[in-house]
Amino acid sequence: MARRPDEEYDYLFKIVLIGDSGVGKSNLLSRFTRNEFCLESKSTIGVEFATRTLQVEGRTVKAQIWDTAGQERYRAITSAYYRGALGAILVYDVTKPTTFENVSRWLKELRDHADSNIVIMLIGNKTDLKHLRAVATEDAQGFAEKEGLSFIETSALEATNVEKAFQTILSEIYRIISKKSLSSDDPAPTSIKEGKTLVVGPQETNTKKTCCSTS
Amino acid sequence: MLVQKQPLMRALRRSQTSLGSNNTTSSPSSPSSSSWVHLRSVLLIVASSSSSSSSPVSSDRGSLKSPWSRRRRKHALLAKQWKSLFDVDGKLSDGGVRFLKKIRTGGVEPSIRAEVWPFLLGIKEYVELRKQCRQILKRGERSFKLKEISDNNSNEDGGEISQVLDSPNLDEIASARPSVSTESTSLSGELVHKNGHNVYLHTSRELVEQEEDDSVITNENISEAESDSSDSDSSDDPEDTKPLLGLVETEDNNLYETVDSNLEKSESKPASYKAEDFATWQRIIRLDAIRANSEWIIYSPSQAAVSEAKAQQLAESVGLKDYNHLEPCRIYHAARLVAILEAYALYDPEIGYCQGMSDLLSPIISVIEEDHVAFWCFVGFMRKARHNFRLDEVGIRRQLNIVSKIIKCKDSHLYKHLEKLQAEDCFFVYRMVVVLFRRELTFEQTHCLWEVMWADQAAIRAGIVKSAWRRMRLRAPPTDDLLLYAIAACVLQKRKLIMENYSSMDEIMRDCNSMAGHLDVWKLLDDAHDLVVALHDKI
Chain A
1 MARRPDEEYD YLFKIVLIGD SGVGKSNLLS RFTRNEFCLE SKSTIGVEFA
51 TRTLQVEGRT VKAQIWDTAG QERYRAITSA YYRGALGAIL VYDVTKPTTF
101 ENVSRWLKEL RDHADSNIVI MLIGNKTDLK HLRAVATEDA QGFAEKEGLS
151 FIETSALEAT NVEKAFQTIL SEIYRIISKK SLSSDDPAPT SIKEGKTLVV
201 GPQETNTKKT CCSTS
Chain B
1 MLVQKQPLMR ALRRSQTSLG SNNTTSSPSS PSSSSWVHLR SVLLIVASSS
51 SSSSSPVSSD RGSLKSPWSR RRRKHALLAK QWKSLFDVDG KLSDGGVRFL
101 KKIRTGGVEP SIRAEVWPFL LGIKEYVELR KQCRQILKRG ERSFKLKEIS
151 DNNSNEDGGE ISQVLDSPNL DEIASARPSV STESTSLSGE LVHKNGHNVY
201 LHTSRELVEQ EEDDSVITNE NISEAESDSS DSDSSDDPED TKPLLGLVET
251 EDNNLYETVD SNLEKSESKP ASYKAEDFAT WQRIIRLDAI RANSEWIIYS
301 PSQAAVSEAK AQQLAESVGL KDYNHLEPCR IYHAARLVAI LEAYALYDPE
351 IGYCQGMSDL LSPIISVIEE DHVAFWCFVG FMRKARHNFR LDEVGIRRQL
401 NIVSKIIKCK DSHLYKHLEK LQAEDCFFVY RMVVVLFRRE LTFEQTHCLW
451 EVMWADQAAI RAGIVKSAWR RMRLRAPPTD DLLLYAIAAC VLQKRKLIME
501 NYSSMDEIMR DCNSMAGHLD VWKLLDDAHD LVVALHDKI
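Residue numbers (our numbering), protein chains in the order written: chain A, 1 to 215; chain B, 1 to 539.
No wet-lab data here; the hints were simulated from the structure.
DMTMM-like mimics (lysine to aspartate or glutamate), calculated; alpha carbons at most 20 Å apart, straight line:
#1 Lys-494/B / Asp-506/B
#2 Lys-42/A / Glu-295/B
#3 Lys-321/B / Glu-40/A
#4 Lys-42/A / Asp-322/B
#5 Lys-62/A / Glu-507/B
#6 Lys-130/A / Glu-158/A
#7 Lys-496/B / Glu-507/B
#8 Lys-310/B / Glu-327/B
#9 Lys-96/A / Asp-322/B
#10 Lys-42/A / Glu-327/B
Chain A residues, not near chain B, derived (Cβ > 12 Å throughout):
#11 Thr-137
#12 Glu-147
#13 Ile-176
Even glycine gets a Cβ: it sits at the ideal position worked out from N, Cα and C.
Kindly produce the complete structure, drawing on both the sequences and the hints.
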């Protein structure tokens with residue numbers, strides 16, 4: 001796919017990566033944005049982000065992906081970044097059942113702090129550890145259907161389905177956004193920049209106010 | 001310090017009881033139960049001491065090249081100078097002013113870090129524990145075959161530090177915490193008996209169980225040592241009035257009280273430390289320990305050379321898993337991280353474990369080979385750093401505010417630009433604040449920055465006030481917030497880029513998060529000191 005420089009894009013989509021500590025959020029991000037994987041990637045402190053510009057449904061989309069710390073302790077900081085996000089990727093580790101059990105808590109987090117129409121995708125990561133699998137695909141699939149989430153299993157290590165996962169959620173966001181921007185009476189959470197360029201979700205500067213500067 | 005341990009040990013006994021009952025329902029091989037034995041061991045060892053406290057961890061590091069720039073940096077504190085800083089009584093001369101001054105301007109020579117850091121981190125009891133340990137060993141020699149230990153010990157005795165630490169008042173000091181010494185000395189006696197000079201209680205399960213019966217004292221000489229000493233009173237130690245590098249007693253007593261009362265609560269209502277519990281901490285600690293980086297290896301040759309068997313054994317005793325991809329020294333390092341972090345989580349349950357803390361501990365255990373010394377150093381470090389990990393984020397907000405204020409005072413144009421980007425709260429330096437530049441600096445640079453920062457904090461603890469530093473003709477008075485000045489300096493160094501190229505907070509944050517390897521720590525410290533000189537009255 002053709003990649004244009006960061007400056008030129010039709011859409012900017014902000015996505016947050018959430019889930020328990022150690023499920024592989026940072027590696028999914030580095031695999032997607034830099035095609036890198038690091039077994040020793042350190043814990044994320046607070047939030048970090050990376051971007052990648054790619055083609056989605058024939059449009060140039062700059063995906064701005066916010067990687068968050070998994071530990072509860074950092075929740076106040078990280079949840080401030082949910083607002084303004086058009087998508088959320090909720091990751092669990094297929095070898096660690098607790099990380100799957102905690103998915104509902106993460107969903108609640110999103111419902112409490114994120115925009116109500118946020119697109120959510122559930123990702124079961126670490127499928128390369130076949131002999132250690134402890135969460136069945138069907139269980140997660142069933143859960144995702146019940147909750148109305150899209151679902152995919154990935155391996156950041158083997159680069160399995162990572163591209164597909166991000167493409168899927170970005171396409172889904174695109175479809176919603178383009179539908180919305182067509183209907184004039186339904187104000188999309190977007191802002192127009194440079195004529196037809198639609199910039200979406202760069203409001204994190206307002207968002208984070210709640211965590212750090214209010215006091 | 002000696003007095004403070006009592007509640008800890010009481011608390012420990014209590015928590016041991018409650019956890020012990022949990023263990024009956026869980027599988028004996030579960031990580032929590034197996035690691036518990038080791039965790040407890042570390043805590044107990046923490047209360048005792050080992051024969052190798054002054055082992056020259058870094059004696060073979062002389063060949064390291066310093067990454068420091070040549071700017072205003074003076075020479076690091078050298079071994080010879082370090083030795084000369086002590087007077088005949090084994091105390092730091094001139095109240096430690098020269099000692100701290102030296103470190104503030106040049107850091108510490110790598111080969112003596114293991115000796116200097118405990119002083120810098122306010123572990124005055126380190127001195128006392130050494131004496132206590134020495135005494136135990138002396139007595140122990142009479143009834144046990146401790147040849148190996150005494151050999152090690154006498155080798156180390158040749159070192160400068162042990163000479164200066166020897167003082168005539170052994171008994172007085174050893175006894176100051178009678179209820180603790182019961183436990184610690186008896187255990188160290190056992191330990192010595194069983195494992196030679198090894199400080200780890202790999203095979204300590206039965207030892208701990210034994211101890212629960214309150215019938216552990218197997219070494220008569222040691223129990224004698226303890227009763228010998230228990231009649232004297234440490235409170236009249238005149239040297240203790242203004243501890244140069246000592247822990248601030250009140251603060252720490254509070255900490256102990258917290259530990260105590262929290263564990264008390266947890267007895268009736270099984271462990272619920274706010275949103276997170278001990279089991280969660282255990283899980284995350286292991287996760288982070290396994291992925292600790294390997295930067296330290298070239299700086300710690302002796303730990304790098306650890307045998308596979310020893311590493312495996314330790315890993316097993318702390319219930320470490322999923323480490324097959326690591327080489328032995330990293331397994332060993334990870335296992336030490338687990339042991340000490342779990343011990344800390346018990347010691348300070350209000351904080352417990354928060355991701356980022358392993359970043360702070362890893363450099364310490366790389367320099368300091370004994371778990372108990374490393375633990376207390378970590379406690380000394382965390383005395384201030386713990387606020388970074390508080391659930392209520394008060395500590396972080398305060399610090400971000402100060403960074404913001406420094407920038408505002410120093411460079412109103414930059415500040416206005418930050419306001420325009422709604423970034424004046426300086427959230428973009430969040431990570432630098434939380435893990436004290438650990439992610440941005442190299443291993444060696446981190447050591448330098450932290451040492452200088454610790455020296456400032458030690459100076460403040462010791463009450464070395466501004467006027468004293470003026471007399472010493474030092475430019476910048478010591479500050480508790482040197483790190484924040486350094487962070488502000490770091491942002492100010494990026495001034496042009498931020499003003500001209502960045503149009504959102506995100507961009508600044510991305511820049512800040514990708515500084516690793518691009519910083520000059522002594523330039524940073526120079527700039528930070530300049531900021532202190534200019535602004536310390538205003539901030």
